[in-house]
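S.K.: Here the protein sequences come in this chain order: A and B.
Heads up, the first sequence is in the numbering used here, so the first residue is 322 and it goes up one at a time.
Heads up, the second sequence is in the numbering used here, so the first residue is 322 and it goes up one at a time.
FYI, nobody ran anything at the bench for these hints, they're computed from the structure.
Among these hints, one or two may not hold up.
Chain B stretches covered by chain A per the calculated footprint, using a threshold of three residues with CB under 8 Å from any CB of chain A [claimed, not checked]:
1) 325 to 336
2) 471 to 479
Below 30 Å or equal to it, Euclidean Cα-Cα: the simulated DSS-like pairs (lysine-lysine) are [as the list claims (entries may be wrong)]:
3) B:LYS496 to A:LYS416
4) A:LYS496 to B:LYS473
5) B:LYS416 to A:LYS496
6) A:LYS473 to B:LYS416
7) B:LYS473 to A:LYS400
For each residue, glycine too, the CB sits at the ideal point set by N, CA and C.
There are 2 protein chains.
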Amino acid sequence: MEDLPLPNVYQVLEPGPVVLVTTAHHGRANVMTMSWHMMMEFTPPLVACVVSDANYSFAALRATGECVIAVPASRLAAKVVKIGNCSGRDTDKFKTFRLTAMPAAHVSAPLVAECFANLECKVVDTTLVNRYDLFVLEVVKAWRDPAQANPKTIHHHGYGAFAVDGRMIRLASQKP
Amino acid sequence: MEDLPLPNVYQVLEPGPVVLVTTAHHGRANVMTMSWHMMMEFTPPLVACVVSDANYSFAALRATGECVIAVPASRLAAKVVKIGNCSGRDTDKFKTFRLTAMPAAHVSAPLVAECFANLECKVVDTTLVNRYDLFVLEVVKAWRDPAQANPKTIHHHGYGAFAVDGRMIRLASQKP
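Here chain A stands alone, though its shape is the one from the complex (with noise of 0.2 Å):
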C-alpha cells in the first residue's frame, strides 16, 4: 500500500462502486458490503454513509467512530456479495473470506490488503444517525495498491446484477 493524497480521494468513491467497511469493536474486526455512499467534500475529504442499524457493523461504527472503506476491484466481486450476504453477529468474515487485515494508521479498524483502496475514516458528525442512519465521514489517510493499476470496480444494479467498469472515456471537463 502506497499513500493516496486526501485530495484525491472523490476519485474512488465519486464512481460508485460497491465498497467494503470495516470496524473493530471489543477487539474483533468486522466487514460489511456497502453501496450508500457519497462524498460530501474534496478537502478535507467527507463522506456520507448510510449503515442500517439493522446492521452488525452499526454499534460499532457508533461506538467507535472509526471505520475503513476499502474498495474491492471486480476480481472479489462474488466475495463481496458473500461477505453481503451474512452477519458479523455470527461469522468471523475476515477468517471466512480469507481476507487479509492489515493494521491501519489512525484508527484501530483494520485495512483490507486485497482491496486497491483503503480510506481510513472517523466519524464527524452524528446529526442524522437517528433519524436515517447516516453517517459523515472524514477520510483521515488514504491508501492505494500500486500493484493494482487501473481497477475495475463494480455497481449495484439490485437483485445481484452488478455493472462492471466498461471502457474509459475522456471529455474536456473544466471541474475536477
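Using the hints provided, position chain B relative to the given structure of chain A.
M.R.: Just chain B, lined up with the frame of chain A:
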C-alpha cells in the same frame, strides 16, 4: 416515458451514475450535472445529494424545494460534461444543449426527455444544507424510457475521465 415503480428507484441511482438535476425558478428551467448523490431509503425512496451553494441551481432548489434527477446514458456524455462546465446564470442550457424539457407530474422542474430515467423529487430535510449543502430528497414519482433498454451510464473519475458501464455480472445476492 412510462412509470418506474418507486421501490425500484434505487436500482437507477445506487450504481453511482453521473446525473442531471433540473430546477425551475421564476419561470425559468435550468439543469446541472451532479455526481454527489446516494440512496438513503428504499420506500419511500430518499436520496441525499450535495448541491454546492456556488451552483446557480442551489438557490432554485432551496427556494422551490423541488427538482428532477434525470439519468443520462453514455451517448449523452459529451453533453453532460458541457452542462457541467457552464452556469445557468448566463446560459439557457436546455436551448444551448438541445435538451427537451417535458412537464413533470408533481414538481415544477422539468423532465429531460433524452434521459432514460427521470425522478421527480421534493426536498424533505434541509438540516445539513447550511453545514454541507446536503439536501435530503424524496422521490415522489419516477419515469423510465422504455425505448432505452439496458442503458450504459457514466461514472466520474475526475479530470474529465469517466468509466462507462461494461458487462453485467449476476451473483446470488440475498439483499435487494
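S.K.: Hints first: check each against the structure and report whether it holds.
M.R.: For each hint, the structure was consulted:
{"no.": "1", "hint": "325 to 336", "in the structure": "holds (count 5)"}
{"no.": "2", "hint": "471 to 479", "in the structure": "holds (count 7)"}
{"no.": "3", "hint": "B:LYS496 to A:LYS416", "in the structure": "holds, 22 Å"}
{"no.": "4", "hint": "A:LYS496 to B:LYS473", "in the structure": "holds, 23 Å"}
{"no.": "5", "hint": "B:LYS416 to A:LYS496", "in the structure": "holds, 22 Å"}
{"no.": "6", "hint": "A:LYS473 to B:LYS416", "in the structure": "violated, 36 Å"}
{"no.": "7", "hint": "B:LYS473 to A:LYS400", "in the structure": "holds, 25 Å"}
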